[in-house]
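K.L.:
Below, each chain spelled out in residue letters.
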Amino acid sequence: MLAPDSVGSTFAGADSISISQSEIDAFAAVIGETDTTSAPPTFTIRISLDQFQNILTQPEIGLDWSRLVHGDQKFEIFAQVKAGDSLSCSATIESYRVAAGNEIVSVRSDLHRGAELVVSSWSTLVVRA
Amino acid sequence: MTTKIDVGFVIPERVVLIDRQMLKAYADASGDQNPIHQNEEFAVSVGLPNVIAHGMLTMALVGKYVTDWSGGTASVKEFGARFIKPVIVPAGEKVDLTINGTVTEVSGDQIKIDLVATSAGIKVLGMAKAVVIKK
Chain F
1 MLAPDSVGST FAGADSISIS QSEIDAFAAV IGETDTTSAP PTFTIRISLD QFQNILTQPE
61 IGLDWSRLVH GDQKFEIFAQ VKAGDSLSCS ATIESYRVAA GNEIVSVRSD LHRGAELVVS
121 SWSTLVVRA
Chain Z
1001 MTTKIDVGFV IPERVVLIDR QMLKAYADAS GDQNPIHQNE EFAVSVGLPN VIAHGMLTMA
1061 LVGKYVTDWS GGTASVKEFG ARFIKPVIVP AGEKVDLTIN GTVTEVSGDQ IKIDLVATSA
1121 GIKVLGMAKA VVIKK
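These protein sequence lines are chains F and Z, in that order. Counting from 1, one number per residue, gives the positions in the first sequence under the numbering used here. Counting from 1001, one number per residue, gives the positions in the second sequence under the numbering used here.
No wet-lab data here; the hints were simulated from the structure. A few of these clues could be false.
What the hints assert, rightly or not - Cut-off 25 Å, straight-line C-alpha distance, at most; resulting in silico cross-link-like pairs (SDA-like, lysine to any residue):
| # | chain 1 | residue 1 | chain 2 | residue 2 |
| --- | --- | --- | --- | --- |
| 1 | Z | Lys1134 | F | Gly32 |
| 2 | Z | Lys1094 | Z | Lys1134 |
| 3 | F | Lys74 | Z | Val1010 |
| 4 | F | Lys82 | Z | Lys1094 |
| 5 | Z | Lys1112 | F | Arg108 |
| 6 | Z | Lys1112 | F | Asp5 |
| 7 | F | Lys74 | Z | Pro1090 |
| 8 | F | Lys74 | Z | Glu1040 |
| 9 | Z | Lys1129 | F | Thr36 |
| 10 | Z | Lys1134 | Z | Arg1014 |
| 11 | Z | Lys1134 | F | Ser120 |
| 12 | Z | Lys1077 | F | Ser120 |
These numbers come from a predicted model, not from an experiment.
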């Protein structure tokens, strides 16, 4: 069970996450993208999901990550992510409900480069009963 | 010459083949090492029919289909999908991800696309949509 008072909370992630060319290249290679001057549109999920896991599995919040499936995902992309970027990530637990024993958590991730909002994304994560 | 894109424009279908090797490569590139995407015994033990592809791999491949049409990775402004059914990837097999897209709205320089993705004839993404600025 997710601690109910965590809904609405925003968590700051690591101070900054450095993006390397080799990370972009590896992600692009899987999908056959050869232009790696900027990251593919879904690249930042690796940052956001990692942060969601760190936040939601804290003992005081208490989500069981081992039974988690991804329900849906949305990105709004305001600027391109490139090698050499240093991004800060904040995550917000937007909603939580239980349906048929499944826990359904909606979380939002905002990635900033300095003061500039680069990508916002929304994930629905489902912990199966 | 710029081709005008109208509502109803159909982007040519693409079939991508997914195998276990691709799942391993995506796990390493994305950091998502959940064993349901690599270990058949584990996947079955948690009630899945077999190893399944990462939903985000499916979405990344659909994203590549979109950006190849719209003019590169920088052309996507919004992209979303629901993961309604898993892409099942048995050992030693290559399974299809069949992708189609249709333009549903053109507003200024922004083009909205509805996307359909199936595997083995089953729809795997729901409400899959992208907004692009085509180059």
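K.L.:
Does each hint hold? Answer for all of them.
P.N.:
Each hint, compared with the structure:
1. Lys1134/Z - Gly32/F: Given pair Lys1134/Z, Gly32/F holds - Cα atoms ~20 Å apart, limit 25 Å.
2. Lys1094/Z - Lys1134/Z: Violated, because 32 Å separates the two Cα atoms, which is more than 25 Å.
3. Lys74/F - Val1010/Z: Holds, because 23 Å separates the two Cα atoms, which is no more than 25 Å.
4. Lys82/F - Lys1094/Z: 32 Å, violated
5. Lys1112/Z - Arg108/F: 23 Å, holds
6. Lys1112/Z - Asp5/F: 38 Å, violated
7. Lys74/F - Pro1090/Z: 28 Å, violated
8. Lys74/F - Glu1040/Z: 29 Å, violated
9. Lys1129/Z - Thr36/F: 23 Å, holds
10. Lys1134/Z - Arg1014/Z: Roughly 19 Å separates the two Cα atoms, so the pair holds.
11. Lys1134/Z - Ser120/F: 21 Å, holds
12. Lys1077/Z - Ser120/F: 11 Å, holds
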